[in-house]
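K.L.:
Please build the complex by placing chain B on the supplied structure of chain A, with the hints as guidance.
These are the residues of each chain, in order.
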Amino acid sequence: MSDPKPSPNDIMAKIRAQKAAVATAAGAGSEPTAEPKPEASAAPAAPAAAPAAATPPRSPADIMASIRSAAKPAAESSAKPAAAKPAAAAAAGSPASILASIRSAGKPAAAATPAPAAASSAAPAAPVAAAAAVPVGLSPAEMIKAARNAEAGAPVAPKVVLPTKPLPGKAAPAAAKAAEEVSRRSVVGSVVATLFSPLVVAWGSFTAAAAASGLALARFMMPNVLVEPPTKFKIGPPTDYAPGTVSTKWQAQFNIWVVNSDVDGVRSIYALSTVCTHLGCTPNWLEGEQKFKCPCHGSGFYKSGINFEGPAPRPLERVGLRLAEDGMLEVDKSVKFQRELGQWTNASSFVSTG
Amino acid sequence: MLNAHPDLTASVLIGLGWYYLLMFLMNLAWTVRSYRDDGEYSNGIPRAAVWAVYSSILMMVSAYHFTYPPEGFLISMPSWFRDPFDRYFSNPVLFFVLSILGYWAMIALREWWTKPRVAWVLLNISLLFMGLSLTDYDFRQIVGKPDNVPIVAMLFIVAFCTWIYFSRAVDNDRRIAEGRPLFEQENNEKVLVWPDLVYTELICMVVLTAVLIFWGIALKAPLEEPGSSVKTPNPSKAPWYFLGLQEMLVYFDPWLAGVVLPSIILGGLMAVPYIDFNKRGNGYYSFKERAFAVSTFLFGFLPLWVALIVLGTFLRGPNWNFFGIYEYWDVHKVEAANNVNLSEFFWDGLGTGVPKGTTLDRILLREFPGILLIIGYFAVLPPIMGVTILRTYFARMGVLRFLVFSNLILWMAILPIKMLLRWAFSLKYIVGIPEWFFNI
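As they're listed, the protein sequences go chains A and B.
For what it's worth, my numbering labels the leading residue of the first sequence as 1, then goes sequentially.
For what it's worth, my numbering labels the leading residue of the second sequence as 1001, then goes sequentially.
For reference, chain A alone in the conformation it holds in the complex (with noise of 0.2 Å):
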């Protein structure tokens, strides 16, 4: 190439007449397909060869070039792979050849034979092809014409009237062959061939492995040995817990506060959670201020556990507190006492010791 670095304009130009080259060669060139090859599809990448090796690339912009205009040929002969030759023939501007091959090819209706004798899952395919590639309604002569004109030099476009449908005469039969071969297999045979299709396969191994990692998430949930402390424990006898203070000794074991303070005038226990009624953080119990303050958000609690400041909008819960037969302070954490609910005033959410 002269210019060492070609414009997007310059690419753009190149593109365009390398795709009308290619245009014209892959034109003349589709015409005769009617050659018989029933080894249909395997077709390589040699067409797409063809153009390129007409017009050797010098420049990574001509190599695009010709990849991207050769995409369309490649992609019609990959269907009709008898294109590949007169494709090439073409290219190299020899009529003589082209006639040659239409000749060796007979009658154009030909391509359409093979196509009941290809694998039934390609027979939809086949007679696609084979209808595309015929050439309704052109003459020998016409096609002789149209190769002359494009050794002079000029780019002719060969008219070729491509059917909108697949020939019916053609398809109907090779669809109806199809069928009375289905029929034709044993059940067994066709339910075997659908179970272990890749498809089935695929999806049924994922299935199981997703299944089985299922099960092994409901065993993990269900553990052999429980770590955790009991729901029921003793706190020790009443006497422990001074009149007018907040004990926080079993907070780190347990959860739990204990409070020995005046409820509507009766001295009385009561547990309360360390769960703050907002998002569940534990507040910290700040003598000073003679409340509850949760660093998370801000949230306060006065003594008794109910809530005055911050976003929590329930006061702290009370658990279980009841004196065991012994003279023990009995918590059980497995029931919970609401104030909002009204459940305070249940014998079982305090103790009275006044």
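Bear in mind the hints are in silico, worked out from the structure with no lab data behind them.
Keep in mind that the hints are not guaranteed to be accurate.
To be verified - In silico EDC-like cross-links for lysine to aspartate or glutamate, where the CA-CA straight-line distance does not exceed 20 Å:
#1 B:Lys1333 <-> A:Glu309
#2 A:Lys336 <-> B:Glu1435
#3 A:Lys333 <-> A:Glu317
#4 B:Lys1237 <-> A:Glu309
#5 B:Lys1418 <-> A:Asp264
#6 B:Lys1356 <-> A:Glu340
#7 A:Lys234 <-> A:Asp326
#8 A:Lys249 <-> A:Glu228
#9 B:Lys1231 <-> A:Glu340
#10 B:Lys1333 <-> A:Glu228
#11 A:Lys291 <-> B:Asp1330
#12 B:Lys1190 <-> B:Glu1201
#13 B:Lys1231 <-> A:Asp326
#14 B:Lys1231 <-> B:Asp1330
#15 A:Lys249 <-> A:Asp332
#16 B:Lys1145 <-> B:Glu1225
#17 B:Lys1190 <-> B:Glu1178
#18 A:Lys303 <-> B:Glu1335
#19 A:Lys249 <-> A:Glu330
#20 B:Lys1333 <-> A:Asp10
P.N.:
Just chain B now, kept in the frame of chain A:
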């Protein structure tokens, strides 16, 4: 006497020496630029002389920091600034009002502060403020925490990105007004992906990796003691990018601030392209052509998100109380915050007392003022807005889009409204039904 919290130590002075040296180098470069571009005063002295004097002062300040011992060091945050600042700025109301005013000034004065010289002066003021503040022990404790380093960086980055937007937009608005072509059309920077963009990305990737490695080595990981279900750190702060969310949680019930509002933020952002009917301002910077969209976004982003992150980082201390930025974090600081529900205001105001009882009719009777207020806010306000202040929007959007749009606006407005109500009237919840875990 040994001071446990010294304001000045030798290592602090060395660090600040580097800080001022960097400022000196920045201003030296600015002086060169000013000498080249800014011209002269009427008496023949180049304007760059001011910057040259300022830069040399910075250099001397830097040398002073490097050489002088902490005892008898003269440059530190003066108490006549520090004490009033602490007293007034530990107040959330003032902080929030000032952030709203700053937002308004940012838009109203955009022609002024986007001038490079003004922006440079503002940057220098903020850096000097930062440098002086770093001589205070308590300020260093907050800013120097490895957790908070990205927040300080974020403040400058957000300011810079906002400045870029407004300077480009102001420039383009002027071009549109004068009928000149847009900046983006005149300076077409179209380049090829390969190699220009890919190389730029490669360089960015390498630089970012180097910064992260340096960061990882230089700053210690902010690890704390092992977690415990019964001990919550005090204060307990969310990751810095969620501090705005944590601040919202102070004013709302968890399900509202933690679930509903974030969902509405995400859904609302997704809905923006479908709500927006303004086809202008596409592919170029402009403020006047998208004044409403830009203002709304910046209101949600700057005062309601970034400012709340700043508030949560620098002004929230133990027990989630407010502290000044130079104030000692006293765990026992007492702050009166006795909050009252709207129903208590209403029924006590009537003199009848709040209706007791936990049955359905008693609860609904108790909370009906708040319920009416909320229904009115979300159901009555949109039509009123549609026929009054947002009439043009209603006409261009149609009913459905306008309803979505106006409700998103109302949801965005409910956060500052609730904050102001909490601060002004100690209002806890407008609708407070703890029996059903339903509080607004």
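K.L.:
Work down the list of hints and note, for each, if the structure agrees.
P.N.:
Results for each hint:
1. Of the supplied pair hints, the one linking Lys1333 of chain B and Glu309 of chain A holds, its CA atoms being roughly 15 Å apart against a limit of 20 Å.
2. For a cut-off of 20 Å, the pair hint linking Lys336 of chain A to Glu1435 of chain B stands: about 14 Å separates their Cα positions.
3. For the suggested pair Lys333 of chain A and Glu317 of chain A, the alpha carbons sit about 11 Å apart, so the restraint of at most 20 Å is met.
4. Distance hint between Lys1237 of chain B and Glu309 of chain A is fulfilled; the C-alpha atoms sit about 19 Å from each other, no more than 20 Å.
5. Between Lys1418 of chain B and Asp264 of chain A, the direct Cα distance comes to roughly 34 Å. Violation of the 20 Å bound is thereby established for this hinted pair.
6. Taking the CA atoms of Lys1356 of chain B and Glu340 of chain A, the gap is near 10 Å; set against the 20 Å cutoff, the hint holds.
7. With a C-alpha separation of about 10 Å, the suggested pairing of Lys234 of chain A with Asp326 of chain A holds against the 20 Å cut-off.
8. The hinted pair formed by Lys249 of chain A and Glu228 of chain A meets the criterion: a straight-line CA distance of about 18 Å does not exceed 20 Å.
9. A distance of roughly 26 Å separates the Cα atoms of Lys1231 of chain B and Glu340 of chain A; the hinted pair therefore is violated under the 20 Å criterion.
10. Using a Cα cut-off of 20 Å, the hinted pair Lys1333 of chain B and Glu228 of chain A is violated, with the two alpha carbons roughly 36 Å apart.
11. Note on Lys291 of chain A and Asp1330 of chain B: the hinted pairing holds, with a Cα-Cα distance of about 16 Å set against a maximum of 20 Å.
12. Note on Lys1190 of chain B and Glu1201 of chain B: the hinted pairing holds, with a Cα-Cα distance of about 16 Å set against a maximum of 20 Å.
13. Restraint check for Lys1231 of chain B and Asp326 of chain A: the C-alpha separation of about 32 Å exceeds 20 Å, so the hint is violated.
14. Distance hint between Lys1231 of chain B and Asp1330 of chain B is fulfilled; the C-alpha atoms sit about 19 Å from each other, no more than 20 Å.
15. In summary, the hint linking Lys249 of chain A to Asp332 of chain A is supported, as the alpha carbons are separated by about 17 Å, within the 20 Å threshold.
16. A distance of roughly 16 Å separates the Cα atoms of Lys1145 of chain B and Glu1225 of chain B; the hinted pair therefore holds under the 20 Å criterion.
17. With a C-alpha separation of about 25 Å, the suggested pairing of Lys1190 of chain B with Glu1178 of chain B is violated against the 20 Å cut-off.
18. For the proposed pair Lys303 of chain A and Glu1335 of chain B, the alpha carbon gap of about 17 Å is at most 20 Å, so the pair holds.
19. Only pairs whose Cα atoms come within 20 Å are accepted, and Lys249 of chain A paired with Glu330 of chain A is accepted, the gap being roughly 15 Å.
20. Between Lys1333 of chain B and Asp10 of chain A the alpha-carbon distance is near 75 Å, which puts this suggested pair outside the 20 Å criterion.
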